[in-house]
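With the hints as constraints, model all of the structure from the sequences given.
Protein chains in written order, with the numbering used here: chain F, 1 to 114; chain G, 1 to 114.
Hints are computed from structural coordinates only; laboratory data are not their basis.
Computed from a predicted model, the values in this text were never measured in an experiment.
There could be a bad hint or two in this list.
Subject to a maximum C-alpha distance of 30 Å in a straight line, what follows is the list of computed DSSO-like cross-link-like pairs (lysine-lysine) [claimed, not checked]: (1) G:Lys91 <-> G:Lys50; (2) G:Lys3 <-> F:Lys13; (3) G:Lys13 <-> F:Lys91; (4) G:Lys50 <-> G:Lys13; (5) G:Lys13 <-> G:Lys65; (6) F:Lys91 <-> G:Lys3.
Quick look at which bits of chain F chain G covers, simulated, 3 or more residues with Cβ under 8 Å [stated by the list, open to error]: (7) 35 to 45; (8) 78 to 87.
Each pair of labels, with its calculated beta carbon distance range [to be verified]: (9) G:Met43 <-> F:Met100: 17 to 25 Å; (10) G:Lys65 <-> F:Ala87: 26 to 34 Å; (11) F:Leu25 <-> G:Gly67: 24 to 32 Å; (12) G:Glu101 <-> F:Arg53: 19 to 27 Å; (13) F:Gly77 <-> G:Arg109: 26 to 34 Å; (14) F:Glu56 <-> G:Ala88: 17 to 25 Å; (15) G:His66 <-> F:Ala87: 29 to 37 Å; (16) G:Gly67 <-> F:Ala46: 33 to 41 Å; (17) F:Glu40 <-> G:Gly67: 16 to 24 Å; (18) G:Met43 <-> F:Glu36: 38 to 46 Å; (19) F:Gln6 <-> G:Arg109: 37 to 45 Å; (20) F:Thr5 <-> G:Arg53: 48 to 56 Å; (21) F:His41 <-> G:Arg96: 15 to 23 Å; (22) G:Gly67 <-> F:Gly77: 43 to 51 Å.
Think of the CB as a built atom: it goes at the ideal place given N, C-alpha and C, for glycine as much as any other residue.
There are 2 protein chains.
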Amino acid sequence: MVKQTQALDSSFKALADTTRRAVLLRLADGPGGITELADEHQMTLAGMLKHVRILEEAGMVRTVKHGRRRICEMNAGSCDHASDWLAATRKRWENRFDSMERYLEELERSGRRG
Amino acid sequence: MVKQTQALDSSFKALADTTRRAVLLRLADGPGGITELADEHQMTLAGMLKHVRILEEAGMVRTVKHGRRRICEMNAGSCDHASDWLAATRKRWENRFDSMERYLEELERSGRRG
DNA sequence: CCTAAAGTAAACCATATGGTAAAGCAAACG
DNA sequence: CGTTTGCTTTACCATATGGTTTACTTTAGG
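Written out as structure tokens, the structure reads:
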């Protein structure tokens with residue numbers, strides 16, 4: 001399950017930047033070219049290209065070359081890995097083994113004995 | 001809404017590291033001290049402390065000093081900011097304005113006219 | 001054909017990140 | 001009281017990140 005780990009890494013890393021989240025939210029409304037995205041976010045073409053590639057590697061954006069333009073569109077199911085992990089973690093917490101109180105009690109007990 | 005942005009930044013940044021996700025998942029089962037967490041993840045105390053602080057700043061972990069121990073526990077609602085954002089983005093995509101096909105058509109049309 | 005537009009590549013830069021080692025400090029234990 | 005134990009601080013290191021500028025390529029339009 002190393003693959004999973006890497007996928008989550010790239011997903012969360014992609015989301016961990018304000019600009020990238022803004023771009024993704026923008027692309028949720030519809031496709032756009034690099035220049036368009038760059039203008040909308042006050043950034044160099046080169047800079048925007050880097051962001052797009054990071055989103056692409058995370059599978060959150062697909063791009064198509066159309067003439068001299070590179071059209072970017074959001075990939076729907078892309079956020080699922082991330083939100084699945086969050087949901088699973090939350091569920092695990094709900095069925096958690098130890099509460100803080102129990103943990104502290106245990107500490108006390110083991111402290112008295114050894 | 002700058003605050004929101006910063007909260008999302010710190011949340012996703014906290015999640016964008018394999019070790020930190022492992023720690024959070026571990027804490028979903030119950031509380032633990034720094035030494036414990038450090039041992040479980042083959043890392044220096046100092047290293048683990050850094051991770052815990054990052055999780056704490058993101059609001060995903062609370063810690064209590066108990067004697068000379070610092071007990072860490074997961075904060076339940078913590079992942080909500082992140083998963084809410086993901087859900088909202090997905091929803092936005094579902095009602096999206098432009099599809100790829102429409103976008104390409106528009107390009108063609110505006111291309112022919114000027 | 002010539003030029004402008006869109007993208008790409010490469011080099012560079014400042015700062016952030018994930019980690020370590022070493023030294024210090026406070027609470028327990030014997 | 002002295003010694004562990006558990007944490008904390010500090011300094012340090014290598015690499016990654018987010019951004020720029022500059023130069024090059026490819027397509028489109030006049």
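For this session: Of all the hints given earlier, name the ones this structure violates by number, lowest first.
Result: Result: hints 1, 7, 11, 16, 17, 20 break, sorted rising.
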